[in-house]
Amino acid sequence: MKSKETYWSENLRLIFICLAIWFTVSFGFGLLLVEPLNEIRLGGYKLGFWFAQQGSIYSFLALIFWYGAKMNKLDKKYHVKD
Amino acid sequence: MNRHLKIAFMVAPFLVVLGYIGADFHHENEAAKTKIVQLVPEGHCDIINQSCVLKSGDFKVEISDENGITGINSTFPLDSATLFLVDKHDQMTPYPLGMQKSPYYWRSNTELHSLIGQKGDSYKLRLIAKIKGGQYISEFYTQTIK
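Residue numbers (this note's numbering), protein chains in the order written: chain A, 1 to 82; chain B, 1 to 146.
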């Protein structure tokens, strides 16, 4: 029972980390901090603009795979099967 | 693909839509705030010879006068535009401009042509151009060079 609760709390922790990164990348970098980030150039593009257009999407995809990998490890740690 | 990845891929589109709604809400709030932006002349300003452009970033306003009709042409649509002629004693005469066909073109009859029709004449003007959520203002001189 305790192991189930710990598994769930670790899962929730991962979800909150993912949501925090999702918010930082999409709203933070793409909207709230867009002006200061636009001072930096990435391959000729303004960084704030790049985050709003492409960077956030790449980050979301990376987050999905990172979450999947972390949950796999968690499954093994707590001997959870599909 | 394990079940966690499947769930993450199913949740992601909802987060994207949520992000889109949030961004739209944020932009609408920003646009609702009244901003005052100063326009500066781009080079020499000569309204009588159709050579006067005020700018701030991507926003540009071209001011010209033809036979006593002073008009402006802007890069973004305006809600209203008022031109002020400022005399030597700093007294302003306002000329609210009327829209012509589209909100990019505004004009009005003014005294400008009779005041600075000769070569070398100059005059102080002020412009207030209202746009959704903001005001573009400028104080500048026009000088007739031809």
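You may find that some hints are simply not true.
Unchecked claim - Beta-carbon label-pair distances, calculated as ranges:
(1) B:104 / A:33: 30 to 40 Å
(2) A:24 / B:124: 25 to 35 Å
(3) A:34 / B:50: 15 to 25 Å
(4) A:6 / B:11: 17 to 27 Å
(5) A:73 / B:11: 11 to 21 Å
(6) B:18 / A:73: 19 to 29 Å
As the list claims (entries may be wrong) - Here are a few chain A residues that face chain B, going by a calculated C-beta distance under 8 Å:
(7) 22
(8) 26
(9) 29
(10) 33
(11) 53
(12) 67
(13) 71
The set of hints was computed from the structure by calculation and includes no laboratory data.
For glycine and all other residues, C-beta sits at the position ideal for the given N, C-alpha and C.
field: Unsatisfied constraints (hint numbers, rising)
entry: Of the numbered hints given earlier, those the structure breaks are 2, 3, 9, 10, 11, listed in rising order.
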